[in-house]
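> Each chain, written out:
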Amino acid sequence: MLSPKFRKLQECLAGLPGIGKKTAGRLAMHIITQDKAKSHDIAESIADAVDSICNCSVCNILSENDPCLVCTDTDRDNRLLCVVENTQDVHLFEEIHSFKGRYFVLGHLLSPMHGIGPDEIKFGLLSKFLEENPVEEMILALSPSVEGETTMSFIAEQLETSSINLSRLSTGLPFGSNLEYANSITIANAFRNRTKV
Amino acid sequence: MYIKSLSLVNYRNFERFTYTFDQHGCLISGENGSGKSNLLEAIAYSAYGKSVRHHNDSDIVRFGVNHFFFQAGFVNHDEAYSFDIGYENNRKVIKLNGAILSRMSELYKHIKVVYFSPDDISLVNGTPRLRRSFIDTAIANTDWEYLYKLKEYNQILQQRNALLKSDFEEKHKQTWDTNFCTASITIVKKRLEFISKFEKVFNRIYSEITDKEEEITFNYKATLQTNLSQRDLEDFLFTKEQREKEVEHSLFGPHLDELIIKINGKPARDFASQGQKRSIVIALKLAQAELIRLISDEYPILMFDDILSELDNERTRNIIHNISKEHQIFIATPNADHYKDFDLRHLELKNENIDEV
Ligand SMILES: [Zn+2]
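First to last, the sequence lines map onto chains A and B. Its first residue numbered 666, the first sequence is counted upward by one per residue in my numbering. Its first residue numbered 4, the second sequence is counted upward by one per residue in my numbering.
Chain B with its partners taken away, still in its complex shape:
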C-alpha cells in the first residue's frame, strides 16, 4: 500500500502543505527544526489515529491557532482510500472515504504503517508498558478486532479496581472476576500466539542484520497462569482477594504482564551491548512489517525518522535498501547523501518551504 497525496493545514509548523507522492516514497532532508519528523508523523497519524510520537492533539496544532486539518489519500490493492481528520478545540473527527469513524480501530483495518523512531531503543531499555504496547499494536496491525478486546479488558479492569476499593458483596465480585478471567485469557492467548509467530520472523531478520549466532528469545511472563481453566483462575483470584483488597487494585492480569527479550538466554536489557540493542530494535520493527506482509498480504508503508546510527550498520542498510523496492518508504534525515543509491525522490525542507531536489 502507499500514500498518494497529503494536504496539511495548521499541522505543526506547516500552515499549508500539499504534496503528491509516488509508490516508492521519498527522502526528506532538512536541518533540525525544519519539520522532517512532523511530516512523517502526519503520515503515520492516519494509520494510528494519533501521534506516533505520543504527542497530544493540542500540541500538534500550529502555534497560535486552535485547529488542524489534514487529508490523505491511500492506495491499497488498487483500491483508493481517502482519510480526513479535523481537529478543533479538543474535538476530533476522523472520516474514512467520507464516513465518520466511530471507532479508531477501524483505521487499523485499512492503513498499515510501521514507524521507526530514534526512541525505539526504549523497547529494549524501557518499561514493560512499552513492550506490551508494541505487541498490542503489532497484533492489531493484522487483527484489528484485538484492539476492541483490549478496550473491553481495560473497562472490566477499571470496574474491578473500583470494586476492590469499595465495600463489595462477594457474589458481586464473583461476577466481575469471571469476566475478568475470560477477558484476560483472550488477551494472553492472542499475545502468545502472536509471539510464537513473531519470534521466528524476528530471528530470521536478526541473523540477517548481524552475522553472529546470537539467539534472541521472547519470554512472555504472565501474571495470571492462563494454562489454568477458567474455574481455577477464579479460585486463584479468590485466594488473593485479601491482598488485592488491601492494595485496592488488581495485582494480576495482562496489563501487568511482561515481555522479556533475551539474548542467549539472558535479559537483553542488562546483557546486550549497545550495538546488539540497536539491532534488536530495528529487527523488532522490521519483523512487525514482515508479519503484516505475511498475514495480510500487504506491504506496509515504512517510515524511518532520523535513525542514522541504526543505518550505519551496512547489513541493516542493505536490508532496508532491498525492501524499499517493494514497500513505500520514507526516510527523514539531515544527511541525504547517505541514501544516494536509494531510488527515492528527494524533498528538502527549508523554512517551511519544500524543494524537490
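So that you can see chain A by itself, here it is in the shape it has in the complex:
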C-alpha cells in the first residue's frame, strides 16, 4: 500500500502544468529516494520563493523587491514600454539585450472562457503606470494567438486617444505560436521590425 504522504506528494506534483499522474509518481519516487539533502533543498527553495516573490506594484513583474529591479533601474529608457504576458517573457527579452526600456506584465491574456477580463490582465494598473510614467512608445509583445491578438486590440482601442505610439512585434512569429518557443533570433528580429498598430 502506498503511504498517504507519498500519495499527497504525487497529487501535488500532478497539479503542476504539463505533469501527468504517471510522471508525478516517478518524480515523487525520485524525491523520496534521492539524497535527502537535495530533496530538502527543493522543499526549502519552493517555500522561500513562494514567500519572498511577489508582483511589483508598479509593473506587475514577479520580483523579490517592490518596486522591482527594472522599475528602480535608473539606466532604463523610460520612454519605451514593452507589454508582455508574463515574467518569463521579460527574462527572455532581457537575455537578448535588444531592449532597454521598461516592462509591464499583464499576467494573462483576455480569455472569457477562463474568466479573464480587463481586471485580470491588470488594465487598471497599466493605466496607472502610464499616468505616472508617460511613455512615448509602447510595444505590445504578446503571442499572435486569438487571445493575444484580442488583448493587443483591446489595449490599442483603450489607448486610441492617447499620444503614445503603439507598435507590436512583427509577425516573424508564426500565428498561434508561443513566445516561449520562439528562438532569440526570431525575437530580436521581431523587435527590430516592430510595426505600428
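One or more of the hints may lead you astray.
Claimed, not checked - Taking CB as the label site, the calculated pair distances span:
no., chain 1, residue 1, chain 2, residue 2, range
1, B, Lys174, A, Leu681, 33 to 39 angstroms
2, B, His80, A, Asp740, 31 to 37 angstroms
3, A, Arg691, B, Lys200, 36 to 42 angstroms
4, B, Lys174, A, Cys719, 24 to 30 angstroms
5, B, Asn267, A, Asn830, 56 to 62 angstroms
6, B, Gln161, A, Asp738, 26 to 32 angstroms
7, B, Gly67, A, Glu760, 32 to 38 angstroms
8, A, Leu681, B, Asn35, 49 to 55 angstroms
Said to hold, decoys possible - Below 27 angstroms or equal to it, Euclidean Cα-Cα: the simulated DSS-like pairs (lysine-lysine) are:
no., chain 1, residue 1, chain 2, residue 2
9, B, Lys328, A, Lys787
10, B, Lys174, A, Lys793
11, A, Lys787, B, Lys248
12, B, Lys328, B, Lys200
13, A, Lys686, B, Lys95
14, B, Lys248, B, Lys174
Note that these hints are calculated values from the structure, not bench results. Glycine is no exception: its CB is placed at the ideal position from the N, C-alpha and C atoms.
Given the coordinates of chain A, work out where chain B with the ligand should sit on it, guided by the hints.
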C-alpha cells in the same frame, strides 16, 4: 494524383494488409462485412486526417488491440509523398514524408480525395451543418489556409459565447465583437466566392446527368449581413446584445448560416423527387472534384462507396466511366459485374483475404 501503395496494421478488420495500386485504381468487391468500405475509408483517411465516415479513431482500431498504423504512398505531378499515421491509446501522430505534421490542414495541401458515400443524400435532406461542412471541405480542397481561418473563427466564437455567459464589461465585449465581425466577414466572403464558382460547374454537370431543364441554384443565407461595413456589423451586434445576453450565446455568424439548394426556385429538400435528389448529390461531389481539377490542376482520387443506386442512372454511369480515364478511381461494390466495362483491376475481399480477380 494517385495512391500507389497502402499498408494497414490493425485498421478495422485488417490485421495486416499491403497492396500496390496502379494509376487507374480498382474495383473492390465482397459481401457485406468483408471490409470493402473500410479499405476505401483508409485511403480517404490520408486525405482528411480523419474518418470520412465520421468514426472515432478508437472505433477504427481492430477489435481487441489498442493501436493502428498505416502507411500510404501517393504520387502527385511525378512527386512522391509518403504518409504515415500511427494511433495508440488515444494519441495520434501523422507524418508526411517523415516529418510530423503539426497541423492536420497541411494534408489538404498535398492529398486530394473526393469520397462518394451512400449517406451523401443527407447533403440535401439533412441539417444545415452538413451543407456547411461540405462547402468548407470543398473550399479547403484548393485553399488549405481556409481551414485555419475557420479554426480561428471557431476560437473567437467560443470565447464570445463564454463572454455572453459572464458579467462582462462593455469595452471588453466590443473588442471580441470587432474580432468576431472581421473573422465572420472573411469566412462568408470565401464561401460566397466559392459558391458562385461552384454553381456554374455544378449546373453543367447536373445537366449532363439529367436530360431535363431543371435549374439548381445555391442560396447562401447569411445570419450576418456581410455587405455591411465592419462598423455597421458591430453596431448591429450591439443592438442584439440584450437578446444574446439572455440566451447566453451568439445568435449570428457563419456557424449558423444556411446553404439552401433550390430546384427551379424551390427548396430541393422539400420539392425535389427522390431521383432528382440523388442526381443533385452526385453532381455536388462531381463538381467538388471538377473544381479541384480546374483550380489546382490536379485530378483528385475518386472513391465510390457502394452507391449502386446512384449509378443505376445510365448518364451518371457514363460520366463516371469517362472521368475514370483521367482520375484514379475506387469503387466498392457487392456486384462487380456491373462495372465490367471499366478498365479497372478487381480485388475481391473474402474473410480478410484478398484475391485479385
Ligand atoms: Zn516593476
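> Need the list of violated hint numbers for this structure, in ascending order.
2, 3, 6, 7, 9
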